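Take a look at the letters that make up each chain.
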Amino acid sequence: MTDATHTLDAGKAEAAAGTAALTGGTATGEVTLGLAHFKEANEQVRKALASADAVVVRDANAQRYLGCALPAGKSLDILGTPGNDLGCYLDGGAIVVHGNGQDQVGNTMNDGAIVVHGRIGDAAGYAMRGGTILVRGDCGWRAGIHMKEYAGKRPAIVIGGDAGAFLGEYMAGGVIVVGGTPGDYVGTGMHGGVIYLRHPLSAESIMDGLIQELVGDEDIPQLAALLAAYDEAFASEGPPLGGDPGSWYCLRAASARPYGGLYAH
Amino acid sequence: MDATTNCVLPRYRVVRDEAACTGCAQCVRSCANGVHRLRKDPDRIVINSRACVNCQRCVVFCPELALTIRPWPQVGTGSSTWTAEAMADIAKQAQTGAVLLSSMGTPAPYPIYWDHLLLNASQVTNPSIDPLREPMETRVFLGSRPEILKINERERRVVEPLPPQLKLDVPIMFSAMSFGSISLNAQKALALAATELGTFFNVGEGGMHCDLEPFADHAFAQVASGRFGVDAHYLNTAAAIEIKIGQGAKPGIGGHLPGEKINSEVSRTRMIPEGSDAISPAPHHDIYSIEDLRQLIFSIKEATGYRKPVAVKIAAVHNAAAIASGMARTGADIIVVDGFRGGTGAAPKRIRDAVGIPVELALAAIDQRLRDEGIRSMVSLVASGSIRNSADVVRAIALGADACSIGSAALIAMGCHQCRDCSSGRCNWGIATQRAALTARLRPEEAAERVVNLVRAWTAEIQEMMGGMGINAVDSLRGNRLMLRGVGLNEKELDILGVKYAGE
Ligand code: SF4
Ligand code: SF4
Numbered sequence: 001m002t003d004a005t006h007t008l009d010a011g012k013a014e015a016a017a018g019t020a021a022l023t024g025g026t027a028t029g030e031v032t033l034g035l036a037h038f039k040e041a042n043e044q045v046r047k048a049l050a051s052a053d054a055v056v057v058r059d060a061n062a063q064r065y066l067g068c069a070l071p072a073g074k075s076l077d078i079l080g081t082p083g084n085d086l087g088c089y090l091d092g093g094a095i096v097v098h099g100n101g102q103d104q105v106g107n108t109m110n111d112g113a114i115v116v117h118g119r120i121g122d123a124a125g126y127a128m129r130g131g132t133i134l135v136r137g138d139c140g141w142r143a144g145i146h147m148k149e150y151a152g153k154r155p156a157i158v159i160g161g162d163a164g165a166f167l168g169e170y171m172a173g174g175v176i177v178v179g180g181t182p183g184d185y186v187g188t189g190m191h192g193g194v195i196y197l198r199h200p201l202s203a204e205s206i207m208d209g210l211i212q213e214l215v216g217d218e219d220i221p222q223l224a225a226l227l228a229a230y231d232e233a234f235a236s237e238g239p240p241l242g243g244d245p246g247s248w249y250c251l252r253a254a255s256a257r258p259y260g261g262l263y264a265h
Numbered sequence: 001m002d003a004t005t006n007c008v009l010p011r012y013r014v015v016r017d018e019a020a021c022t023g024c025a026q027c028v029r030s031c032a033n034g035v036h037r038l039r040k041d042p043d044r045i046v047i048n049s050r051a052c053v054n055c056q057r058c059v060v061f062c063p064e065l066a067l068t069i070r071p072w073p074q075v076g077t078g079s080s081t082w083t084a085e086a087m088a089d090i091a092k093q094a095q096t097g098a099v100l101l102s103s104m105g106t107p108a109p110y111p112i113y114w115d116h117l118l119l120n121a122s123q124v125t126n127p128s129i130d131p132l133r134e135p136m137e138t139r140v141f142l143g144s145r146p147e148i149l150k151i152n153e154r155e156r157r158v159v160e161p162l163p164p165q166l167k168l169d170v171p172i173m174f175s176a177m178s179f180g181s182i183s184l185n186a187q188k189a190l191a192l193a194a195t196e197l198g199t200f201f202n203v204g205e206g207g208m209h210c211d212l213e214p215f216a217d218h219a220f221a222q223v224a225s226g227r228f229g230v231d232a233h234y235l236n237t238a239a240a241i242e243i244k245i246g247q248g249a250k251p252g253i254g255g256h257l258p259g260e261k262i263n264s265e266v267s268r269t270r271m272i273p274e275g276s277d278a279i280s281p282a283p284h285h286d287i288y289s290i291e292d293l294r295q296l297i298f299s300i301k302e303a304t305g306y307r308k309p310v311a312v313k314i315a316a317v318h319n320a321a322a323i324a325s326g327m328a329r330t331g332a333d334i335i336v337v338d339g340f341r342g343g344t345g346a347a348p349k350r351i352r353d354a355v356g357i358p359v360e361l362a363l364a365a366i367d368q369r370l371r372d373e374g375i376r377s378m379v380s381l382v383a384s385g386s387i388r389n390s391a392d393v394v395r396a397i398a399l400g401a402d403a404c405s406i407g408s409a410a411l412i413a414m415g416c417h418q419c420r421d422c423s424s425g426r427c428n429w430g431i432a433t434q435r436a437a438l439t440a441r442l443r444p445e446e447a448a449e450r451v452v453n454l455v456r457a458w459t460a461e462i463q464e465m466m467g468g469m470g471i472n473a474v475d476s477l478r479g480n481r482l483m484l485r486g487v488g489l490n491e492k493e494l495d496i497l498g499v500k501y502a503g504e
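Just so you know, the protein sequences line up as chains A and B, in that order.
Mapping of the first sequence onto this note's numbering: residues 1 to 265, in sequence order.
Mapping of the second sequence onto this note's numbering: residues 1 to 504, in sequence order.
No lab work stands behind these hints, which were simulated from the structure alone.
All values reported here derive from a predicted model rather than from experimental measurement.
It is possible that part of the hints are untrue.
What the hints assert, rightly or not - Taking CB as the label site, the calculated pair distances span:
#	chain 1	residue 1	chain 2	residue 2	range
1	B	Gln165	A	Ala50	26 to 32 angstroms
2	A	Asp208	B	Pro107	31 to 37 angstroms
3	A	Tyr259	B	Asn263	14 to 20 angstroms
4	B	Thr5	A	Pro221	48 to 54 angstroms
The beta carbon of each residue, even a glycine, is placed where N, CA and C say it ideally should be.
Chain A on its own, in the form it takes in the complex:
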């Protein structure tokens, strides 16, 4: 599965954590959101991004769509709690959240990196086709649902803690890494990509059409890279995820055509 045309974006996530404004960017803008409506808040952020590549967003209070379609070369450092759809359609930009995220982090993201120093809500990375999401803690239901990979893009989500049910449902490509325990129905309808689990699923909770096994040699480079990215991003905040990637499990679809035999003409 680690063919050369796919470049995992773990490096970008590290870069995101490294270049973000708080850790010392060059031209840095700053906005304070307080109780501003999302429309106004995003307007302010866009204005700040017009004159600075890195912007610190202070006092975020659940404003939606922060970092929507943020292009490459731009970054946001968010203090407080960003609202739903953080980094939707993210287009190469980098977002670091010093706190928790809400639902649909990285919805339909195309490229770039989101690093959350906390936990996040449901449906993270819905339909994402590129870039990386690193979450220090837990995530809600349906993370990585309908993730897909394409040409040079292979998206990745790393969840340090537990994941809710329906993780990687309909997954068509990409990589999900879970350090804690996933909920029920992992990978239902999965037909591409791989889910790496530190703790294997019990035999009866492996959904039809999926195969769970110990990671193979070909898995280790991409898993190790993601674990290293996680450990670097959250170095000072808790125990590392890394260690021996060879002791992890992987979950894959047996077929890229799960519904091939479902229909008759």
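Add chain B with the ligands to chain A, keeping to what the hints say.
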């Protein structure tokens, strides 16, 4: 007889008039289903009727008119319960254990309310208008209208910016048809026609092929549950964005574009790997409520700088009016309601034939509900799903639509003969196929010309019908149900449609 014995009789019988046939073998070249085969020694063309889907390509292209397709002549059981089709469906499922797949709009004989609605014309008391001599406005705008329009009269300008509007020179657009379900040539034909006509086509849920980008000013970009090809560039390239919640032909379910149709071009446009199934989940997994719909609408508006109208398309279903009321309040600029007779590239047969309601009833109910709630002008309303001719367009507008979308009718203009075999990927007309040898049969410029001719002809007819009513603008026809009378309808139907009986 084992489980795989094929008990299904052929549906059609291909008949060749041997006296007329010159043996030119045009039919052999026409049929991708391999019905006609050339046998050497002695030279003759043999027929495998079982493989025929009645697309009529060979019939149209036989230079001697030597071919006819007939129903398979086997007499039925005489039962109107156990028809040949009902038994064939059971046999197929007994053999395969599979869900029956079909295409295009339902052929089942449900009532077609269009045919029960008659149009008015002026006599004596107000003059009819001759569209050949007098201006007749067919232009319409789609988008949300502000509650109050503030105008600076001295400077002759609108004080506050209007929400984004789409200008249609004719009240007819082309329905969403994705690359994958139809060929790129068919999409190009629609793009060329929309540009020429001053209206819009819809790339469907499969992303926008780069060849269509020059026509993007006339394109709707669709966002469906699989989010294929959706990125900031896609959203910002199109003139408007349509969130697809449902489709008339298959309400409540998603879609599977089978792996064999995901060739390299389709893969590039959808941004998914070649050869793997493209699965659209049944719901959008970020929309479990009307509030969530609002969230997606505004994420698109944020991504496009509030410069593009956002449409939301639903299938006509039981509570369409209440749903539409919610949609209008979520910030949708355009509501598209697609009736259950609408076409599709592939749908489970049972769903196509049993789920949803006629667009006529849904449209009338939605328009009435939005008026009753005083929010009709917050959204534009587009009706689609079985618009067959210009009179259907006039009826739909009189029932409350701002514009109509046509899908099947546009494909028929390009050559589609409604064989309903689209899901096989062997469309002999080069429409519902990705096979290079078949798609090459459809030349975009020529197909576009046929579609343009169709819409121009309909527009002329619409102008004549409006003129006959003494109406000189589509805007004055919209929701003007006094221009309609019902025939052959019961009171409940008249009530829902909001029309009087003929003679009243
Ligand atoms: S499938 Fe079409 S082209 Fe082939 S024999 Fe039947 S009608 Fe003719
Ligand atoms: S598009 Fe082609 S396959 Fe589909 S109904 Fe029309 S002629 Fe048949």
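These are the hints, each one checked on the structure:
At about 27 angstroms, the beta-carbon gap between glutamine 165 of chain B and alanine 50 of chain A stays in the expected band of 26 to 32 angstroms. For the pair aspartate 208 of chain A and proline 107 of chain B, the supplied restraint of 31 to 37 angstroms holds, since their beta-carbon distance comes to about 35 angstroms. Taken as a hint, the range 14 to 20 angstroms holds for the pair tyrosine 259 of chain A and asparagine 263 of chain B, whose Cβ atoms sit roughly 18 angstroms apart. Between threonine 5 of chain B and proline 221 of chain A the beta carbons are some 52 angstroms apart, a value that agrees with the proposed interval 48 to 54 angstroms.
The structure shown violates none of the earlier numbered hints.
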